[in-house]
Amino acid sequence: MAAKTKTTTTTTTEPVIRVSNLSKRFGNFTALNNVSLDVHVGEVHALLGDNGAGKSTLIKTLAGVHAPNGGQIFIDGEVVNFKSPRDASEAGIGVVYQDLAINPLATVTRNFFLGREMAVGLGPFSWMKMRQMDRIATEQMASIGIHISDPEQTVGTMSGGQKQTLAIARAIYFGAKVLILDEPTSALGQIQQMEVLKTIRRVQQRGDIAIILITHNEIHARLIADRFTFLSLGEVIGSGHRDDMESGDIRRLMAGGAELADLAAELAV
Amino acid sequence: MARSEADRRRKVGYGESLLRRPEIGAFIVMIVVLVSLGWASGGWQNNLNFLDSTAFSPLGVRNNTRIVAQLGIIAIGAFMLMVAGEFDLSIGSMIGFAGMSLALLLKWGLHITIPFTDIVLVDLDVVPPSLAFLLTLGMTLAFGWLIGNIVVRSGLPSFIVTLAFLFFLRGLTEVCYRFLNRAPGDRSGSTQVSDLPDFKNLIDLERFRSIISYPAEQAIGAAKGCLSVFERPLNNSLAKLDNVKDNIANLATTSKMSPEQLARIKELAPATTSKEELAAKIAEVCKVDPNTISLEMERVDAQKLSADDLLAIFSQIPAGRAESLRNMLEADATRTAERLSNIKGNTVTPASINDIDVAKEFFMTLPTKNPVADLFGGNILEWLANWTNVIGWNITERTGAQWIDGLYAVVGWWIFVALVAWFVMQRTKAGNWIYSTGGNLQAAKANGVPTDGVKISLFMTTAACATIFAATQVFDTNSADAAKGNLKELEAIATAVVGGAILTGGFGSIWGVVFGAIIFGLAQNALFYIPWLDGAYYRMFLGSILLAAALMNESIRKRFTGGI
Chain A
187 MAAKTKTTTT TTTEPVIRVS NLSKRFGNFT ALNNVSLDVH VGEVHALLGD
237 NGAGKSTLIK TLAGVHAPNG GQIFIDGEVV NFKSPRDASE AGIGVVYQDL
287 AINPLATVTR NFFLGREMAV GLGPFSWMKM RQMDRIATEQ MASIGIHISD
337 PEQTVGTMSG GQKQTLAIAR AIYFGAKVLI LDEPTSALGQ IQQMEVLKTI
387 RRVQQRGDIA IILITHNEIH ARLIADRFTF LSLGEVIGSG HRDDMESGDI
437 RRLMAGGAEL ADLAAELAV
Chain B
27 MARSEADRRR KVGYGESLLR RPEIGAFIVM IVVLVSLGWA SGGWQNNLNF
77 LDSTAFSPLG VRNNTRIVAQ LGIIAIGAFM LMVAGEFDLS IGSMIGFAGM
127 SLALLLKWGL HITIPFTDIV LVDLDVVPPS LAFLLTLGMT LAFGWLIGNI
177 VVRSGLPSFI VTLAFLFFLR GLTEVCYRFL NRAPGDRSGS TQVSDLPDFK
227 NLIDLERFRS IISYPAEQAI GAAKGCLSVF ERPLNNSLAK LDNVKDNIAN
277 LATTSKMSPE QLARIKELAP ATTSKEELAA KIAEVCKVDP NTISLEMERV
327 DAQKLSADDL LAIFSQIPAG RAESLRNMLE ADATRTAERL SNIKGNTVTP
377 ASINDIDVAK EFFMTLPTKN PVADLFGGNI LEWLANWTNV IGWNITERTG
427 AQWIDGLYAV VGWWIFVALV AWFVMQRTKA GNWIYSTGGN LQAAKANGVP
477 TDGVKISLFM TTAACATIFA ATQVFDTNSA DAAKGNLKEL EAIATAVVGG
527 AILTGGFGSI WGVVFGAIIF GLAQNALFYI PWLDGAYYRM FLGSILLAAA
577 LMNESIRKRF TGGI
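Which chain is which? The protein sequence lines are A and B, in order. Sequence positions in the first sequence follow this note's numbering and run 187 to 455. Sequence positions in the second sequence follow this note's numbering and run 27 to 590.
It should be emphasised that the hints constitute simulated quantities derived from the structure, not laboratory data. Do not take every clue at face value.
Okay, derived cross-link-like pairs now, BS3-like style, lysine-lysine, Cα gap no bigger than 27 Å in a straight line [as the list claims (entries may be wrong)]:
{"no.": "1", "chain 1": "A", "residue 1": "LYS246", "chain 2": "B", "residue 2": "LYS471"}
{"no.": "2", "chain 1": "A", "residue 1": "LYS363", "chain 2": "A", "residue 2": "LYS384"}
{"no.": "3", "chain 1": "B", "residue 1": "LYS471", "chain 2": "A", "residue 2": "LYS315"}
{"no.": "4", "chain 1": "B", "residue 1": "LYS307", "chain 2": "B", "residue 2": "LYS330"}
{"no.": "5", "chain 1": "A", "residue 1": "LYS246", "chain 2": "A", "residue 2": "LYS384"}
{"no.": "6", "chain 1": "B", "residue 1": "LYS471", "chain 2": "B", "residue 2": "LYS584"}
{"no.": "7", "chain 1": "A", "residue 1": "LYS363", "chain 2": "A", "residue 2": "LYS315"}
{"no.": "8", "chain 1": "A", "residue 1": "LYS363", "chain 2": "B", "residue 2": "LYS471"}
{"no.": "9", "chain 1": "B", "residue 1": "LYS471", "chain 2": "A", "residue 2": "LYS269"}
Go ahead and model the full structure; you've got the sequences and the hints to work with.
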């Protein structure tokens, strides 16, 4: 049963990333079916859905991990075809996965520049410009709201929110136009969740980055997202702008479209 | 201003940050070992000055630093690999293999024929030390590459893969000795080589060819002992007495024998049964005409030339050079005599310096013919040893002469390897990749670090460290043995753990490994200085320190990762 959604408010700008009728099948299992999605610069687009709705498949397809079976991805209006995560990263898609891809035993700077060290010389034995890297890492994290006292601090000693910020700052610094955040607030305490949301807000306020926020948390989505897309069983079951959606709609769509009221009634018996 | 998360991290001062460094434990243990070894070996009786002891006498330092450096080199390889989250148990066997390869190449040369045919691919009677080292390094690097590839491609734990190579390489080493290190008549070869020339001290006397005479009675001795280019083909011709004809022919080309001499030797050779006998025959037939052989001689042997030859050579030394050598020797003699007078309490007259002494000293200053052998097996810091002697240290009590000439070259290699490793680990991209490969493999991969390449190159690095170890040993002692390097892999890993390496990877410091090598090297050598100590105590000590270090590393790791 398709959910009725109100008309989205039209935006004048071209979306940074447009996903058009994307499909992905694994053997005879359809993970994504005709999924479409527009993300505009300076906006937070929340991607919501229950477990197994296809959120992970969608972001992995956007990140170049999976090749789609159908449909197209446009970046700045041009069709792109990712063969590897590196292609996606070069096209400006930065993914911050749940495990954050950080090395807890290494320092902030070393994590920030991991795999993309600034160095003088050629090849793996080129000399790292540590001081410059320290300064950039500190500045970049400060620009989205986390002031670290010591770039030589090991990441393992930082809070979950700080780690999240590090991963976000890193993705932005290395040229992400589209920032995909995979459940950034899960597994964090209340205060840290708020820290991360503030960070996301600051990134949004830069105005040059489009953010896709994957989350389970309706409250967080409502607090920060400008636009919502709901996935269920591999299909988009609803989407809309924040101004056009009611809290009830969101809750209902998040649960995959099932009427919570019905469930409540069932449980009450 | 509101409090932020960052405020919860207490700022620490310089002193405290030093105390919190991961290598501090190893440093403290090292100091304790240094001081107690000094005390136990004589320092206790000498006003508690631990440096005034047999363990830290010049000779003690020379011997200690050698053991420390040998362990240190392989420990650094093992450490870097452990930081990347892998293990290498094949280091010890790799040392044995590399030593075997070097010694056999140097002793027998390199002869490769395609099996079941007569097609000769390579036929080198004499393999110079530089080529022997490069060929050996090529083979060990290939094994390191193979081990690394098996580990990253199969996903098997490196423990199992390298354990397999521990057995395989040791077996291969022994098989090679049995198969290749034998004369034709022997059923199987010896598992050791002990009669290599002293390559690092070979000097070229070609320029004195016309003035050195060979009295008949010295001919055999000269042929046997001093002419290594003569000696090595002899080994080969003995190895293949069946086709001695070809080898004698080879010898003839290098030594410009006359056809008559060659024919005579061919006649005599089949009846010879030992190297010495064949040498004697050749010397006899050729009358050891200096023009037939290249004059390459060990320094010590060169000093044993006849007085006439030495005087002839003296006359060839430029006057200024001879004068400065004489002045130096006279200054040494005066200083030695003064010191001896002080020790003995009566006046000792300085030994007089004659032309022969100058000629002998002259040989000491001639450059080696094999700089590569000297680089691995010679001495380093000779200027420092000389200087310490001049300022009144480094003196033997008995004769008043200089005690040691320098430190073993292996010490220089250790310092070199440690510095390179430190730069790579701390300052280069590669270092960041190594730490992240062990710290969080998935994260490193996600960020584009070539983790497989990192691991493979580190397996090759441990192989290279093992080869350096073997080369310093072979060129120092001029011998090799199938059992060399046994159990060294475990000592290397223990040292790396003392250096702060954790078994899951991603952590540790080169300084810690340097301290660890000093701790274990000194402890291992302590029994030479402390009479009542035996080897069992060393192993108890090693075990306890290893356990303590592992426990401490774990707590440091928890501190750095916030207790995960």
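Quiz item: In ascending order, which of the hints set out earlier in this document are inconsistent with the structure?
Solution: none
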